[in-house]
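Protein chains: 2
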Amino acid sequence: MNFINEDIITAIATPPGNSALAIIRISGKNCIEIADKIFIGKKPLVESDSHTIHYGKVIDESQTVLDDVLVSIFKAPNSYTGEESVEISHHGNPIISQQIIALLLKHNVRVAEPGEFTKRAFLNGRIDLAQAEAVIDVISSRTISSLKGSRNQLDGILSEYVTTLRDSLVDFSSLLEVELDFAEEDLEFVSRNDLISKLEEIVEGITNLLSTYSFGKVITEGVNVAIVGEPNVGKSSLLNKLLKESRAIVSEIPGTTRDIIHEDIEIDGILFKLFDTAGLRSTSDKIEKEGVTRAIEIIKTADVVLFVSDLENSFPDSIYTQLTENCEIERIIKVLNKIDLVRNSTIFSDIKISCKTGEGIDTLLSLLKKKALHGEIYTEKTAILTNVRHFNALYKAKELLEKAVGSIKQNYSGEFISVDLRSAENQLNEIIGVVTSDDILNNIFSKFCIGK
Amino acid sequence: MNFINEDIITAIATPPGNSALAIIRISGKNCIEIADKIFIGKKPLVESDSHTIHYGKVIDESQTVLDDVLVSIFKAPNSYTGEESVEISHHGNPIISQQIIALLLKHNVRVAEPGEFTKRAFLNGRIDLAQAEAVIDVISSRTISSLKGSRNQLDGILSEYVTTLRDSLVDFSSLLEVELDFAEEDLEFVSRNDLISKLEEIVEGITNLLSTYSFGKVITEGVNVAIVGEPNVGKSSLLNKLLKESRAIVSEIPGTTRDIIHEDIEIDGILFKLFDTAGLRSTSDKIEKEGVTRAIEIIKTADVVLFVSDLENSFPDSIYTQLTENCEIERIIKVLNKIDLVRNSTIFSDIKISCKTGEGIDTLLSLLKKKALHGEIYTEKTAILTNVRHFNALYKAKELLEKAVGSIKQNYSGEFISVDLRSAENQLNEIIGVVTSDDILNNIFSKFCIGK
Numbered sequence: 001m002n003f004i005n006e007d008i009i010t011a012i013a014t015p016p017g018n019s020a021l022a023i024i025r026i027s028g029k030n031c032i033e034i035a036d037k038i039f040i041g042k043k044p045l046v047e048s049d050s051h052t053i054h055y056g057k058v059i060d061e062s063q064t065v066l067d068d069v070l071v072s073i074f075k076a077p078n079s080y081t082g083e084e085s086v087e088i089s090h091h092g093n094p095i096i097s098q099q100i101i102a103l104l105l106k107h108n109v110r111v112a113e114p115g116e117f118t119k120r121a122f123l124n125g126r127i128d129l130a131q132a133e134a135v136i137d138v139i140s141s142r143t144i145s146s147l148k149g150s151r152n153q154l155d156g157i158l159s160e161y162v163t164t165l166r167d168s169l170v171d172f173s174s175l176l177e178v179e180l181d182f183a184e185e186d187l188e189f190v191s192r193n194d195l196i197s198k199l200e201e202i203v204e205g206i207t208n209l210l211s212t213y214s215f216g217k218v219i220t221e222g223v224n225v226a227i228v229g230e231p232n233v234g235k236s237s238l239l240n241k242l243l244k245e246s247r248a249i250v251s252e253i254p255g256t257t258r259d260i261i262h263e264d265i266e267i268d269g270i271l272f273k274l275f276d277t278a279g280l281r282s283t284s285d286k287i288e289k290e291g292v293t294r295a296i297e298i299i300k301t302a303d304v305v306l307f308v309s310d311l312e313n314s315f316p317d318s319i320y321t322q323l324t325e326n327c328e329i330e331r332i333i334k335v336l337n338k339i340d341l342v343r344n345s346t347i348f349s350d351i352k353i354s355c356k357t358g359e360g361i362d363t364l365l366s367l368l369k370k371k372a373l374h375g376e377i378y379t380e381k382t383a384i385l386t387n388v389r390h391f392n393a394l395y396k397a398k399e400l401l402e403k404a405v406g407s408i409k410q411n412y413s414g415e416f417i418s419v420d421l422r423s424a425e426n427q428l429n430e431i432i433g434v435v436t437s438d439d440i441l442n443n444i445f446s447k448f449c450i451g452k
Numbered sequence: 001m002n003f004i005n006e007d008i009i010t011a012i013a014t015p016p017g018n019s020a021l022a023i024i025r026i027s028g029k030n031c032i033e034i035a036d037k038i039f040i041g042k043k044p045l046v047e048s049d050s051h052t053i054h055y056g057k058v059i060d061e062s063q064t065v066l067d068d069v070l071v072s073i074f075k076a077p078n079s080y081t082g083e084e085s086v087e088i089s090h091h092g093n094p095i096i097s098q099q100i101i102a103l104l105l106k107h108n109v110r111v112a113e114p115g116e117f118t119k120r121a122f123l124n125g126r127i128d129l130a131q132a133e134a135v136i137d138v139i140s141s142r143t144i145s146s147l148k149g150s151r152n153q154l155d156g157i158l159s160e161y162v163t164t165l166r167d168s169l170v171d172f173s174s175l176l177e178v179e180l181d182f183a184e185e186d187l188e189f190v191s192r193n194d195l196i197s198k199l200e201e202i203v204e205g206i207t208n209l210l211s212t213y214s215f216g217k218v219i220t221e222g223v224n225v226a227i228v229g230e231p232n233v234g235k236s237s238l239l240n241k242l243l244k245e246s247r248a249i250v251s252e253i254p255g256t257t258r259d260i261i262h263e264d265i266e267i268d269g270i271l272f273k274l275f276d277t278a279g280l281r282s283t284s285d286k287i288e289k290e291g292v293t294r295a296i297e298i299i300k301t302a303d304v305v306l307f308v309s310d311l312e313n314s315f316p317d318s319i320y321t322q323l324t325e326n327c328e329i330e331r332i333i334k335v336l337n338k339i340d341l342v343r344n345s346t347i348f349s350d351i352k353i354s355c356k357t358g359e360g361i362d363t364l365l366s367l368l369k370k371k372a373l374h375g376e377i378y379t380e381k382t383a384i385l386t387n388v389r390h391f392n393a394l395y396k397a398k399e400l401l402e403k404a405v406g407s408i409k410q411n412y413s414g415e416f417i418s419v420d421l422r423s424a425e426n427q428l429n430e431i432i433g434v435v436t437s438d439d440i441l442n443n444i445f446s447k448f449c450i451g452k
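Protein chains in written order, with this note's numbering: chain A, 1 to 452; chain B, 1 to 452.
Pulled out of the complex, with its shape left as it was, chain A reads as follows (with noise of 0.2 Å):
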């Protein structure tokens, strides 16, 4: 894939804020001659080395100095973007950067579009489209988990087994195909059984794969959790006591759209979102509709519900009802808190604590860990699917793989079976981005910050 764009791109790679250094990147044909129009150091950057380092001053049109830099310069093919390529590392102040890029504007260069450094890098062929997508999740992880995933998909493990899927079901589709063209012939290169198994073990591989995502989403997404049950019964000693025994995160995610307020925890590298749903209640009042509706909305989108009840209170069948109506039983977790007034509770729970002491917290933690998993464990070397656009492109996939084998059991023709098997093919290339729309690209780099 050859990628030409004349356009000089420039924008600031770190965050906004005072601090000792800041970033400017560039990158396009023949940056480093712009980035000399606004340098004094020792030397031309144009006469150095790729990879070197050089000290000097930026100025401006009027000789007068803006800040004293470092700028590394990148000679093509050898930067991140494919690109010739310059940084410029200054004191960081945001109205230095923008002097900068100011300069820089004048000088026939453009502010890059959110993602366009990266999207460039896979145009240029640096990277696969799925590893693109995974240089955002890297970024915008919130657990070590999720930035364990991300750093997978980057390193290209879910690429290669994407990409080994695909070069199996293209030897096959392109015997197939061979076949088609000595039709006439009636030869057959690829016997009938051979390709059935060989499909039915390639949908294997991409079950396999889509298997992987809810744990891929629960890495990178977290998981919700809601905490429901009568007034009283220990729900905000419970959400304290959580925040207290795990790692509580700092939640700093501009555009947060759910207004209801929520805490977020880490237990052992999973975000879980903990929801305390005060709406629900065996009493039925009139005034408090609104918070049953958003407590029922609660529910229907948690992964797991902490049913709570003290020993009073004994998990009232009419918000059991409201519960079970709303999501499915395993996802409930019925616990019994303040143990330590009452030791030998007959009442049924999945698990009894006391906020109080501490008592039986350790253990629901990892009752929460186990049902958000559902038991599943990946090494870092398996691939794992975290991204809901690879999910349905993998999802069509084996769809069109199972329509294909179904055809050559009722022993359809050739020409029908191999529609099929390209259409499958191509949705495993927009994965990686081998074919891929501009509509697609343009959707996937608009979710990027500016600068990288």
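Read the hints as simulated data drawn from the structure, not as lab findings.
Errors might be hidden in some of the hints.
In this list, chains with the same sequence are indistinguishable; a pair is considered to hold if it fits within one copy or across any two.
Derived DMTMM-like pairs (lysine to aspartate or glutamate); straight-line CA-CA distance at most 20 Å [said to hold, decoys possible]:
1. Lys-198 / Glu-245
2. Lys-148 / Glu-266
3. Lys-75 / Asp-49
4. Lys-371 / Asp-264
5. Lys-396 / Asp-167
Given chain A's structure and the hints, the job is docking chain B onto it.
The following block gives chain B in isolation, referenced to the frame of chain A:
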């Protein structure tokens, strides 16, 4: 000055947040060797030249890849600190930064104190103390003129000016001291008249520099503007109008202590902090006492007071008295608003405006700037005093020199004069850091951000 510190220090040098890039700095003897322990690239970093960049992966003890990075290496003394240094450019995710820092800490590296990199640059003689202090000002400047002032100081213009004064002082003190050594022989190495005229020249130089301080303070700290007046005369309209007609600055400085809401604007590169004091009224309402106390506090620290009135309420005496009791008359600007209603008002005011039509607002902006700068303008090559520590040192030096001149005129013994001259010299040396106590150093660098 030789400074030996065996510690290897590290810190994140970019602001917290999710971004394209983040930088970790490492500095100290043999730190490249340490970097090699957590990095896998094409070849060991220790075998590479200074000022080169290396692509590779940071791996932990269990060979897990934490991130792919670009490592820049700097060999002593050609680095910011003057020591062997390393910069690790990685994906901008605070979790990754923390993981890499945690890994470094396992290899006898410690987290840097605030400003420790710059402190080392100073202690290793890379920059003088006034320049080191300018670094933090360059980073935290919020307007272009403030940035220019700090830039000026970082470029060493202040240091040069002070050094010149100090050097001529040293010349004369030395002559005087030689004279003292030969006291028995009653020789006069330097004529008393020459000494007086030379010292007066130095005093003049110091006085000139001291006089730049009010300007320096304006450009670094900005100008406090209080808006006072009766209710409904248009104080809020004026505030909004000023915000619209100038560049409003989003205030994101943490730890703003003053809990009164204020708005920051920039007029021709100068920061104006506008305080709307609703509290000050002609009728004295007991309930509003707290508001009045706050308003007076603002007026006391205001550089400019905009006393707003309209045609109905013509600058009530009761408010004017409160103003003059708490600030100098020349700081007050009487602003007559709503002149769109009555064109030929006979009420006396310094300026007539209409927030509705915008008439007079430009003139008001110029007047604000003129009042703030006291008509003073300095070029970029003039030494400007912006730091209270420098002001105090110069002020003391001036006092000591004036005392010395007095002593000479009264024919006091050479010893007296010499002591004062040496003390004055020390004051000047403290600015550039030739002799500086640990306390002063700690005080200066503790104000820095981590990583600088």
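Quick rundown of the hints versus the structure:
Taking identical chains as interchangeable, the C-alpha atoms of Lys-198 and Glu-245 are never at most 20 Å apart, the minima being 50 Å within one chain and 72 Å between chains. For the identical chains of this complex, Lys-148 and Glu-266 are intra-copy neighbours only, at 14 Å inside a copy versus 45 Å across copies, given an alpha-carbon limit of 20 Å. Taking the shortest Cα distances, Lys-75 and Asp-49 sit within 20 Å of each other both inside one copy (8 Å) and across copies (18 Å). Taking the shortest alpha-carbon separations for Lys-371 and Asp-264, only the intra-copy value of 17 Å comes in at or below 20 Å, while the best inter-copy value is 51 Å.
With identical chains, the CA atoms of Lys-396 and Asp-167 are at most 20 Å apart within one copy only, with a shortest distance of 17 Å there and 81 Å across copies.
Hint violations for this structure: number 1 only, all remaining hints satisfied.
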